[in-house]
Amino acid sequence: MSTADIKSVECMEIPEHTVEIITNSGEGAQKCAQIFGQTCAKMGNGVWTVEIIPAEIEPPHHTVTSTSGNIIRFGTEKITNWGDQSKLAIAFNDQVLLSRHRLDSLKDDCIILLDSCWQQHEDEEIRRMYEEAMDEMSTKNYRFVLVPIEEEALKIVDNPSHGKNMFALGMLAEIYQRDVSIIEKQIAHIFRLKPPKVTEKNIELVKSGIAWAKENLDFQFRINSIPFDEERIVMNGNQAAAIGAIAAGMEMCAMYPITPATSVSHELSEIIESYGGMVHQAEDEIAAAGVAIGASYAGKVALTVTSGPGMALKTEFLALAIMIEVPLVVLNVQRGGPSTGLPTKVEQSDLLSSLFGQPGDAPRVVIAPRTIEECFHAMITARRIAETFRCVVIVLTDANLATGVQQFTRPPLDVRWQQGAMDQSPVPEGLRPYEWDLETGLSRRIIPGSPGGQHTVTGLAHDEDSLVSYHPSSNELGMKMRSRKLAVFQSTLMPPELHGEQEGDLLVVGWGSTEGAIVEAVDRACSEGYKVSTCQLTFLSPLEPGLKEIFSRFKNVMTVEINYSDTPGDPYINEDSRRYGQLAWVLRAHTLVDVDCWTSCPGQPLRPRDIYTHIIAKLEPNEEGVAA
Amino acid sequence: MSSIAISLLDLEADSPVCLEADDYQKRPGKWCAGCGDFGALNAVKRLMAKEQLQPEKTVFVSGIGCSSRFPHYVNAYGFHGIHGRALPVATGVKLARPELDVFVTMGDGDCTSIGAGHWIHAIRYNANMVVLLLDNNIYGLTKNQTSPTTPQGYASMTSPRGAVLPALDPLQATLGVSNASFVAQTADWVPVHMYATMQAAYEHPGFSFVRILQRCPKFTPDVFQKNVENPDLTELLVHENGVDVPALEQLFKARRVHDPLNIDDARSLARRSDMLRLGVFFRDDSLPVYEKVRAVPKVSAEEKVARLNKEFERYAV
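Protein sequences appear in the order of chains U and E. Note that our numbering numbers the first sequence so that position 452 is 452, with each residue one more than the last. Count along the second sequence starting at 1, add 1000, and that's the number in our numbering.
Extracted from the complex, chain U is given alone in its bound form:
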């Protein structure tokens, strides 16, 4: 416990730190963390943030299930994942803290700033819970610092639930010597729609947090930043996708609210109309797909945004778009499944349904951005592919990318991405609506308004004239042409780049948001002399070329994914019965290589330490040949 009368402050210089803000839902942890993360990024630190949120808006307070929080990992160098454990935590009560302890999220010597109001609380039950919680946590060497968070906040606001977060932010600002002027600007921006008094109160709270920390804490950390001269921006993956959609010239976003995708449409709703576009909140997921397809058919660049359960509902419409070759970009921000699953949590379980989710053979392009920066660029790429190949492009991000905040080089914009109005020149007589180039499957897209181009698109099997046709050869031709386009697209792709040596004992293959954690784990293994490399796939349909050849240079290949696979050695699980991770499943079929996998679906991003453990287990199996 602190509060020494005469205080000497020890300031440690460290390369990085991971901080957790843990509160009841509704106490503003996200706002506090958002401002802190943005401030770190703006000061030039590498940053990665992860939200901890329940699916409910405000479950009962002071329980282990009411935890709302945020983890911010920041450092001198670039940060690519949330790391292993948190080294400092601010907890508004013992119960929410306990929930993080039980998840092993806190480092053994974690500094914990805990509100002091519970220890001597007038309610006997609360005191009892507090004691039990502290007892349970005594297995660790946490360094507790009791802070009168609520008491201090009450000096400024009547309802501490709407003030403690800013007091906490002030403490963090002092502990990590953040630039307060940046924090003040952030606060002013967040509350720009509220009366000025709100901003003033919040800044007052931050200042009181700073003052309290200055007065009472005997430690500080210094995390330097490397000077940079390029322009950078900082945002989360959903913001990056939304801004990317506008940069890509998308003018119609049809959506239905679904976590964790909805904030893409919040961002778009705020600004898209000043770009001549609109967000249409449809009556359901199916209609959202239908409106986007109708708009695209009529020549607008259209997008629909959803998450797993919404994807399931859109299934039939996506097949129609593929069948009639109407370009469409679908952003699926994956969450935990199946069914309602884990609405606010990360998972990579929609790969197979994205690849094969339609009735019949329905080839489509699937791309998975690996970073928040790629969430931006993926939208531009997706539009380009969708229009060039008259196809559906599914962009698979996940809850980790969606809410994580990272800084990246400000992307240069290209006016050509905005190319809008579709060609409505007269259609030459004799040109057929599906006049496929027999080699590439490509054909000219004709949109309403083009004189002489009148035809009826149909989800029924059709011939080049778009006439319903049940003729065996025309059905086979249509199938062939729709599939051929993917092969043509694949011919434009490069083989994936490897991180690490070009050959070795083990190649770890991942996809999407896990890149940072996998690379960190692989680097750790390499530094200990293991011969491990990794590659992170972005294009999943069609797959990037050359995989079989790359795999042949490694003794073992395994995927690491955030989804379910059976664990060898579990009851009934053997080579015959084992179900593999989704990417492993695809790669095994595609390359005929015996690709293994380690997957996990804890509803949170993967930790480098866990990946590392399973890499080592793969390289050095125990007697049963089973991963430890």
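Hints were generated in silico from the structure; no laboratory data involved.
Heads up, simulated DSSO-like pairs for lysine-lysine below, C-alpha to C-alpha not over 27 Å straight-line: (1) LYS1310/E to LYS194/U; (2) LYS1310/E to LYS78/U; (3) LYS531/U to LYS78/U; (4) LYS1310/E to LYS31/U.
Since the structure of chain U is already known, use the hints to place chain E on it.
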């Protein structure tokens, strides 16, 4: 034929080529002989000729079912989509290109059953389009299953002992939705009335919902038999703001002057089952039209890039 006509239209703007009703037929309908869909197609062709609609600027959207083959037979752009989902597609087309004339054809299963959710909301969006419910009280293409509008007691393959529930009334349902702006009913055995109703629907700036009562020659040939045989069982709603066909005065003795602006009367007339009523039940041209309230000024590509660059300032490090 039509593409030549149109290119002439473009080349010689001074002497526009007049398109006849048959110029709007792309190919012969493949419905069964005696199908009510033929009558609707004829009325639509006449309307298109009357309005001289440009085939390339007209889009017909449908779902799945016998009536959803409609777009294939019209000389216009067509979108033959999936079962029950014509309205979202049509809404997307209209939002993207408000200048296009949009028609939607749906069957009773398509609109009032699998697509019922979209139906309710499309009424409320009130996008400017002509929406034809080709209601033959049965699923025809899948061969004789009960639909929501099948009369109670009427037998089908899925209700061999007769439909157990009272039929859903699409007029009452539509009239119950906020922002409904045009609701009419007509019948395939009164083609003059059908044409006049479509004309009124086309003129209405909003979501013009027209229920066309029609017979399926295979599965519901007799469903309106009493009304077909005895015009006295049908009452025409007439008004200068609705439909009034003087030629029908001889045949239909029961006529009621009904101001379509009166929603209470419209609902009450729709609810009464004493007679079959044809005409415009409700029409209000002043209600908000979705693509109009959502319209935003066009922005040039250069301006978009400039604005986006400014947007980045908000995220600048």
